[in-house]
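Since the structure of chain A is provided, determine the placement of chains B, C, D, E, F, G and H on it from the hints.
8 protein chains.
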Amino acid sequence: MTLKVYLSGEIHSDWRERITVGARDLDVSFDAPVTDHGASDDCGVAILGAEDQKFWHDHKGAKLNAIRTRRGIEQADVVVVRFGDKYKQWNAAFDAGYASALGKALVVLHPPEHQHALKEVDAAALAVAEEPEQVVEILRYVLTGALPDRAARAAE
Amino acid sequence: MTLKVYLSGEIHSDWRERITVGARDLDVSFDAPVTDHGASDDCGVAILGAEDQKFWHDHKGAKLNAIRTRRGIEQADVVVVRFGDKYKQWNAAFDAGYASALGKALVVLHPPEHQHALKEVDAAALAVAEEPEQVVEILRYVLTGALPDRAARAAE
Amino acid sequence: MTLKVYLSGEIHSDWRERITVGARDLDVSFDAPVTDHGASDDCGVAILGAEDQKFWHDHKGAKLNAIRTRRGIEQADVVVVRFGDKYKQWNAAFDAGYASALGKALVVLHPPEHQHALKEVDAAALAVAEEPEQVVEILRYVLTGALPDRAARAAE
Amino acid sequence: MTLKVYLSGEIHSDWRERITVGARDLDVSFDAPVTDHGASDDCGVAILGAEDQKFWHDHKGAKLNAIRTRRGIEQADVVVVRFGDKYKQWNAAFDAGYASALGKALVVLHPPEHQHALKEVDAAALAVAEEPEQVVEILRYVLTGALPDRAARAAE
Amino acid sequence: MTLKVYLSGEIHSDWRERITVGARDLDVSFDAPVTDHGASDDCGVAILGAEDQKFWHDHKGAKLNAIRTRRGIEQADVVVVRFGDKYKQWNAAFDAGYASALGKALVVLHPPEHQHALKEVDAAALAVAEEPEQVVEILRYVLTGALPDRAARAAE
Amino acid sequence: MTLKVYLSGEIHSDWRERITVGARDLDVSFDAPVTDHGASDDCGVAILGAEDQKFWHDHKGAKLNAIRTRRGIEQADVVVVRFGDKYKQWNAAFDAGYASALGKALVVLHPPEHQHALKEVDAAALAVAEEPEQVVEILRYVLTGALPDRAARAAE
Amino acid sequence: MTLKVYLSGEIHSDWRERITVGARDLDVSFDAPVTDHGASDDCGVAILGAEDQKFWHDHKGAKLNAIRTRRGIEQADVVVVRFGDKYKQWNAAFDAGYASALGKALVVLHPPEHQHALKEVDAAALAVAEEPEQVVEILRYVLTGALPDRAARAAE
Amino acid sequence: MTLKVYLSGEIHSDWRERITVGARDLDVSFDAPVTDHGASDDCGVAILGAEDQKFWHDHKGAKLNAIRTRRGIEQADVVVVRFGDKYKQWNAAFDAGYASALGKALVVLHPPEHQHALKEVDAAALAVAEEPEQVVEILRYVLTGALPDRAARAAE
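Protein chains in written order, with the numbering used here: chain A, 1 to 156; chain B, 157 to 312; chain C, 313 to 468; chain D, 469 to 624; chain E, 625 to 780; chain F, 781 to 936; chain G, 937 to 1092; chain H, 1093 to 1248.
It should be emphasised that the hints constitute simulated quantities derived from the structure, not laboratory data.
Check the hints yourself; a few may be wrong.
DSSO-like cross-link-like pairs, simulated, lysine-lysine; straight-line CA separation at most 30 Å [said to hold, decoys possible]:
id: 1; chain 1: G; residue 1: Lys990; chain 2: H; residue 2: Lys1178
id: 2; chain 1: C; residue 1: Lys316; chain 2: D; residue 2: Lys554
id: 3; chain 1: B; residue 1: Lys242; chain 2: C; residue 2: Lys400
id: 4; chain 1: A; residue 1: Lys4; chain 2: E; residue 2: Lys678
id: 5; chain 1: F; residue 1: Lys834; chain 2: E; residue 2: Lys678
id: 6; chain 1: B; residue 1: Lys160; chain 2: G; residue 2: Lys940
id: 7; chain 1: D; residue 1: Lys554; chain 2: D; residue 2: Lys522
id: 8; chain 1: E; residue 1: Lys710; chain 2: F; residue 2: Lys834
id: 9; chain 1: A; residue 1: Lys86; chain 2: D; residue 2: Lys554
id: 10; chain 1: H; residue 1: Lys1096; chain 2: F; residue 2: Lys784
id: 11; chain 1: E; residue 1: Lys710; chain 2: F; residue 2: Lys868
id: 12; chain 1: A; residue 1: Lys54; chain 2: A; residue 2: Lys4
id: 13; chain 1: A; residue 1: Lys86; chain 2: D; residue 2: Lys556
id: 14; chain 1: A; residue 1: Lys54; chain 2: D; residue 2: Lys522
id: 15; chain 1: C; residue 1: Lys400; chain 2: B; residue 2: Lys244
id: 16; chain 1: F; residue 1: Lys868; chain 2: E; residue 2: Lys678
id: 17; chain 1: B; residue 1: Lys210; chain 2: F; residue 2: Lys866
id: 18; chain 1: H; residue 1: Lys1180; chain 2: G; residue 2: Lys1024
id: 19; chain 1: D; residue 1: Lys522; chain 2: D; residue 2: Lys556
id: 20; chain 1: E; residue 1: Lys628; chain 2: G; residue 2: Lys940
id: 21; chain 1: E; residue 1: Lys710; chain 2: F; residue 2: Lys866
Across the chosen pairs, the derived CB separations fall in these ranges [to be verified]:
id: 22; chain 1: F; residue 1: Lys834; chain 2: E; residue 2: Thr768; range: 30 to 36 Å
id: 23; chain 1: G; residue 1: Val957; chain 2: E; residue 2: Val645; range: 57 to 63 Å
id: 24; chain 1: D; residue 1: Glu542; chain 2: A; residue 2: Val21; range: 37 to 43 Å
id: 25; chain 1: C; residue 1: Ser325; chain 2: F; residue 2: Lys834; range: 33 to 39 Å
id: 26; chain 1: F; residue 1: Asp807; chain 2: A; residue 2: Tyr87; range: 52 to 58 Å
id: 27; chain 1: E; residue 1: Thr768; chain 2: B; residue 2: His168; range: 16 to 22 Å
id: 28; chain 1: B; residue 1: Asp208; chain 2: E; residue 2: Asp660; range: 30 to 36 Å
id: 29; chain 1: A; residue 1: Tyr87; chain 2: B; residue 2: Glu286; range: 33 to 39 Å
From the derived model, a few chain D residues whose C-beta atoms are all more than 10 Å from chain C [what the hints assert, rightly or not]:
id: 30; residue: Asp493
id: 31; residue: Glu519
id: 32; residue: Lys522
id: 33; residue: Ala573
id: 34; residue: Pro579
id: 35; residue: Leu615
These numbers were taken from a predicted model, which means no experiment stands behind them.
Don't be surprised by glycine CBs; every beta carbon is placed ideally from N, CA and C.
Bound conformation, chain A alone (with noise of 0.2 Å):
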């Protein structure tokens, strides 16, 4: 049965296409939050009306936006949630907090550099890796039982 996998996290780098690039032979199927930031910040008002307060503004597109990602998360086998360099990306781990209370398969993605502040965040999840690449290794070993070819080194 096709893996239905969540990208959840951040939306400035190519990492998403990097999974699904390196995974398009594989039987996996992919689903993602709007990564257009503008769309994404102001669906809310461009639909329903203008506001004006910005508190309600993004309310209403924060909601708009809950519609996708919930039931994104909610069918997935496996949610990848990526932390990048920048900004507070409350809402990556409050994606991987809600994942995790649905007993989703829950990785995470992150450089080295945010490993003490994710400590809680990688504690619940079934793996913790640096670069895109490696979660396609993980998702083909998940599906075929492959290793990737370095494995042969790392496991001596």
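The following block gives chains B, C, D, E, F, G and H in isolation, referenced to the frame of chain A:
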């Protein structure tokens, strides 16, 4: 994956058709209650036998309809509930509460004059719209990330 | 074990008091929404700050009230929902749907003229009563097995 | 029934004390994570043995802390999550997501400058406050229906 | 989406065939227990080895059959339970209780003389019918909104 | 913690009393349906008004009783279901199915002649007993680890 | 609907192949853990980086494998757990407990000498078999109602 | 609120006593299976009647014990599973899997030589300890935040 949308509530205007026609290019499947008012009222006695008491006449019908409506809500990703200008529409509010307790993404559609009376229902929703076309725009955004042309203006 | 009863719906008559006074000798605990209409409407802005828009004024209040009402329903064994003579009372129907989806024992209390409009709500209930005193009799029967004195006549 | 409140998030200011002192006359029980920063960081190795790698040092500690924090959230009626001025605070956002997926009543507490970055978290909440005293007022209202004295002005 | 219907209960008349033939033009899939009485009684010992004690002979068979029946009920949208004229049929009532606790739409089918003895089962059902053809009409109405020709008369 | 036991089924012998008396030294609380046959049959019309049709007379009663019986089963740790010598007892089998779907520990109590007819119910149980005293012994063993005096012989 | 079967446990004999070959004419889909012992042991470090400590080497691998095994069990209708002659096989028993808590139909497969040690696992199962061919017969019976040819003799 | 701890697994050493004595000053309640090996093996036949076949002798006992063990695990906040030096201990691993699927906080206690064989069980745990005293320290830390005196050294 196809987005499953249940269209609950008012049955005396063309709002369902406006949504289904507007979304015909999207990967959405729609479900709804039986919208033939007469059939909906009389289905119970028509199939299971007449009743002397109006209460039981209604009761048998309401239970038959519940086979369809509960399944529709339970299988939906998004539940849209429309409140119109007339009638008590308690079944619409009941459906909204039912959907909310199941954690469904709730979209409420009503004219502005009902705003105060529907505040508890709106507070449980992820979007509150006034026109069926806004629901189409929500579905399009949720599935594709695309905002309506008029969004540029609204988001300014 | 104490029977937990939540009394939802209409707040402009003394029906809650008639039930709680009538059941004062029974092992029942009662919960209910805030029934001070003004406080219920304004709690959000009173605590969290004023809003220019009536929609958000109501929204903040409805969400604060939801902290209490959802907990009340979720912890209840029996949810009684009262529909009165006036107002839209969509929050009452919402609560009934919410309680029904959670599998709560639902008791509906309404005057006979609402029978047709409430048929879907009634169909989800385990009892439909017209007077608060009947609710007391239900609670007494459920807890003790005792029927009201007038039962001998009615059951003949 | 006692209202169970879990106080998650920032541990470097006196916000928890301000809430617990302010609510001391209410029927509320409070729970929270271990707020001794050093103990929280080192508990894993202190009890289960030292680790050479910082990752596993943190990992063992984060898992021990999860015994307490998950239970606290799962048993709570209301989960308050506080975001302060400093640090990444991803564990706070994680807790908010976890609580949200469990359907807990979520109250978020943060200074106004975090509003945009926290919009997804705020959108999942039933209340967003800036000061601990507002949380006390929420708890008081939820339990007793009483509004703060300053409410008369705010609600005008 | 295909309506999944599980046909539980009596195995000594042609009621299942009357329903499946009657509904052959509808988007319905049917499931049922093994209806070969001999195979159903002896499957356990036939596959897993003979038993000296009738109790364990029956026990092994009943458990094998449970692999099929529980799955059938759990995957169904609608569970139809038929009570016939003979035998104790406790397994039919057990299935009805099992389906009810899972929140399945329950349809009970029995001759009128069993009405009093089945009152608890009927009270958990969304429809109580006497003839298999009525079940076909229910399925047709639930899926298409169409009422039987004779409905005009009955609804008058 | 007190072991909560629900005693479902037959109401025409003293089996419940034999169990509650036998277990009076144990930390057990017992619950059961209303066992006054007349009250149980007529409660609906006695409280909610007379019905012309026997079906609805029974229906209203069965639903009122369900308020008590479902709560009893849902709150129980152990559900004991007794099948006696007479009547159809479909409500007993319904309760067993209901308890089983909820994952309750099920104990079935019946005379040996019902063994074949109850094989599906017995197969869902954690114990099948013939005498109420055996149920007492089960409760004592579960709570204290103590076996009956006659155990030494039986276990040889 | 295709019957989903997860084959857990022992990986050093051909039992999985005997079942999948034997059931190739049935509407069954099979899933299983990675059965390459070396890959299963080393997958964690091969993908996510080497560890000095054997505990963490194993830990990373076991967690990656859990992505596959938990999904396999959660999606299965039937979980078959095989205990062989060698090794501790605690992961097999763990899977059986995991499947049992999720309410999966559990089939246990083991040689007779393990009967006493596996009594708790067997007691949670719907079938206990000794040979893989019996599992094929179970699947055939569950799906088609057909018993093996040798059944006539066994059932006599 | 009292922390509920279930102590599963090995019954031939004093580890349970070491934990309960060590934690006697903490707000913890302990539960465990019946640890009298003979009673545990024979309870089924002792209460429900002798069996000729060892399989059914064991089966009846294992099911009676399951009434206690499943309840103990389901009611626990923390499930500690101890693996000792001898026996297959598949019931301990089964309990660990059962607890894990229910989302319980799992603590595993075993000598270091079982590390590789228990890697899947350990990977599901929030703590892996070698000595009962460490479990006491975990409980103390979880409840009070206090670390053991020797923690200063270990955390350096």
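Hints versus structure:
Simply put, G:Lys990 and H:Lys1178 have alpha-carbon atoms about 23 Å apart, close enough for the 30 Å limit, and the pair holds. Taken as a hint, the C:Lys316 and D:Lys554 pair is broken in the structure, with Cα atoms around 44 Å apart against an allowance of 30 Å. Restraint check for B:Lys242 and C:Lys400: the C-alpha separation of about 11 Å stays at or below 30 Å, so the hint holds. In summary, the hint linking A:Lys4 to E:Lys678 is not supported, as the alpha carbons are separated by about 48 Å, beyond the 30 Å threshold.
The hinted pair formed by F:Lys834 and E:Lys678 fails the criterion: a straight-line CA distance of about 41 Å is larger than 30 Å. Between B:Lys160 and G:Lys940 the alpha-carbon distance is near 25 Å, which keeps this suggested pair within the 30 Å criterion. The straight-line distance between the Cα atoms of D:Lys554 and D:Lys522 is roughly 22 Å, inside the 30 Å bound, and the hint therefore holds. Restraint check for E:Lys710 and F:Lys834: the C-alpha separation of about 23 Å stays at or below 30 Å, so the hint holds.
For the given pair, A:Lys86 sits about 15 Å from D:Lys554 by alpha-carbon distance, which is consistent with the 30 Å threshold. Of the supplied pair hints, the one linking H:Lys1096 and F:Lys784 holds, its CA atoms being roughly 17 Å apart against a limit of 30 Å. Note on E:Lys710 and F:Lys868: the hinted pairing holds, with a Cα-Cα distance of about 11 Å set against a maximum of 30 Å. The hinted pair formed by A:Lys54 and A:Lys4 fails the criterion: a straight-line CA distance of about 35 Å is larger than 30 Å.
A hinted pair counts as satisfied when its Cα atoms are at most 30 Å apart, and A:Lys86 with D:Lys556 qualifies at roughly 11 Å. Between A:Lys54 and D:Lys522 the alpha-carbon distance is near 41 Å, which puts this suggested pair outside the 30 Å criterion. A threshold of 30 Å between alpha carbons decides the hint, and for C:Lys400 with B:Lys244 the separation of about 7 Å falls inside it, so the pair holds. Restraint check for F:Lys868 and E:Lys678: satisfied, since their Cα atoms lie roughly 23 Å apart, inside the 30 Å limit.
Distance hint between B:Lys210 and F:Lys866 is unfulfilled; the C-alpha atoms sit about 37 Å from each other, more than 30 Å. Our distance criterion of 30 Å between C-alpha atoms is met by H:Lys1180 and G:Lys1024, whose separation comes to about 7 Å. Of the supplied pair hints, the one linking D:Lys522 and D:Lys556 holds, its CA atoms being roughly 18 Å apart against a limit of 30 Å. Restraint check: the Cα-Cα separation between E:Lys628 and G:Lys940 comes to about 17 Å, which is no more than 30 Å; the hinted pair holds.
A distance of roughly 15 Å separates the Cα atoms of E:Lys710 and F:Lys866; the hinted pair therefore holds under the 30 Å criterion. Between F:Lys834 and E:Thr768, the C-beta spacing of about 33 Å keeps the proposed range 30 to 36 Å intact. G:Val957 and E:Val645 have their C-beta atoms about 37 Å apart, which leaves the hinted 57 to 63 Å range violated. At about 40 Å, the beta-carbon gap between D:Glu542 and A:Val21 stays in the expected band of 37 to 43 Å.
Between C:Ser325 and F:Lys834 the C-beta distance comes to about 35 Å, which sits within the given range of 33 to 39 Å. The given range of 52 to 58 Å is respected by F:Asp807 and A:Tyr87, whose C-beta atoms sit roughly 56 Å from each other. For E:Thr768 paired with B:His168, a C-beta distance near 21 Å keeps the hint of 16 to 22 Å intact. For B:Asp208 and E:Asp660, the Cβ-Cβ distance of about 44 Å falls outside the hinted range of 30 to 36 Å, so the restraint is violated.
A C-beta distance of roughly 34 Å is found between A:Tyr87 and B:Glu286, which places it inside the suggested range of 33 to 39 Å. Every CB of chain C lies more than 10 Å from the CB of D:Asp493, the least distance being 17 Å, so the non-interface label holds. Once the 10 Å rule is applied to beta carbons, D:Glu519 is consistent with being away from chain C; the minimum gap is 42 Å. The beta carbon of D:Lys522 is kept farther than 10 Å from every beta carbon of chain C, the shortest such distance being approximately 40 Å.
Non-interface status of D:Ala573 relative to chain C is broken: a Cβ of that chain comes within 10 Å, the nearest being about 4 Å off. The Cβ of D:Pro579 sits about 14 Å from the closest Cβ of chain C, beyond the 10 Å cut-off, so the non-interface label holds. Not every beta carbon of chain C lies more than 10 Å from that of D:Leu615, the smallest distance being close to 5 Å; the non-interface claim is violated.
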